[in-house]
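Let the sequences and hints guide you as you build the complete structure.
Residue 129 in UniProt numbering sits at position 129 of the sequence shown, with consecutive numbering throughout.
Just so you know, these hints were derived from the structure itself, not from any lab. Every residue, glycine too, gets a C-beta built ideally from N, C-alpha and C. Misleading hints may appear alongside valid ones.
[Said to hold, decoys possible] Pairs of lysine-lysine, PhoX-like flavour, derived with a Cα cap of 25 angstroms: (1) K89 <-> K55; (2) K89 <-> K2; (3) K89 <-> K44; (4) K44 <-> K55.
[Claimed, not checked] Pairwise CB distance ranges, derived in the manner of DEER restraints: (5) N60 <-> Q88: 24 to 30 angstroms; (6) F64 <-> D30: 44 to 50 angstroms; (7) A14 <-> M75: 39 to 45 angstroms; (8) T12 <-> Q88: 23 to 29 angstroms; (9) K2 <-> F64: 36 to 42 angstroms; (10) A42 <-> W74: 23 to 29 angstroms.
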Amino acid sequence: MKTALIVFAHQTPASFNATARDVAVQELSDQGYRVLVSDLYAMKFRAEATRDDIKGELKNPELFQYGDETMFAWMENQLSEDITAEQQKVTEAELIIFQVREDKPHLQLWLLSVSLWLFCASLWSLFAYLLNHTFAFSSFGILSVSFMRSPGWFSNSLEGVPEMLRTCWSFCLHSVVHLDWV
Numbered sequence: 001m002k003t004a005l006i007v008f009a010h011q012t013p014a015s016f017n018a019t020a021r022d023v024a025v026q027e028l029s030d031q032g033y034r035v036l037v038s039d040l041y042a043m044k045f046r047a048e049a050t051r052d053d054i055k056g057e058l059k060n061p062e063l064f065q066y067g068d069e070t071m072f073a074w075m076e077n078q079l080s081e082d083i084t085a086e087q088q089k090v091t092e093a094e095l096i097i098f099q100v101r102e103d104k105p106h107l108q109l110w111l112l113s114v115s116l117w118l119f120c121a122s123l124w125s126l127f128a129y130l131l132n133h134t135f136a137f138s139s140f141g142i143l144s145v146s147f148m149r150s151p152g153w154f155s156n157s158l159e160g161v162p163e164m165l166r167t168c169w170s171f172c173l174h175s176v177v178h179l180d181w182v
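Right, here's the structure in full:
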């Protein structure tokens, strides 16, 4: 069974974005996917990288260098549980969908930028190499979704939204997901 991961970032559970996420979960499930959702707001996700990401002792406590310390921590199974849980989801997913709030441009621009695709491809390649000691790995897809900003009363008053979204997701999934992406 294929696995899809939806990385969702919206603070309102009754939002249009939440409805779109729910429709995506249902549509993917109907197509035979096992769907995992990482709800960044519900998880109280912290975007900053800190010493708290590492359990146990540091390799160099006098000079904390996040990249070096997390690599050592990963190799020694000393990363925090929240990070290892998300790494596990990424490892299992053949498709990752980023769905972000439209009013968080700093997050959205980074998520939608070419830098993200290069970063993800590089990270995924390195991650696959570290896991398998080979750069050969199965296909991997990334889809980014963002909806235009609209007043809450407008989104809440739309009839047939789930059906419309289901049609859109079905089209996107049949058009995009089945391509091999790296």
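Here's how the hints hold up against the structure:
| no. | hint | verdict |
| --- | --- | --- |
| 1 | K89 <-> K55 | 20 angstroms, holds |
| 2 | K89 <-> K2 | 12 angstroms, holds |
| 3 | K89 <-> K44 | 17 angstroms, holds |
| 4 | K44 <-> K55 | 19 angstroms, holds |
| 5 | N60 <-> Q88: 24 to 30 angstroms | 27 angstroms, holds |
| 6 | F64 <-> D30: 44 to 50 angstroms | 47 angstroms, holds |
| 7 | A14 <-> M75: 39 to 45 angstroms | 43 angstroms, holds |
| 8 | T12 <-> Q88: 23 to 29 angstroms | 28 angstroms, holds |
| 9 | K2 <-> F64: 36 to 42 angstroms | 39 angstroms, holds |
| 10 | A42 <-> W74: 23 to 29 angstroms | 25 angstroms, holds |
Violation of the numbered hints given earlier is absent; every hint is satisfied by the structure.
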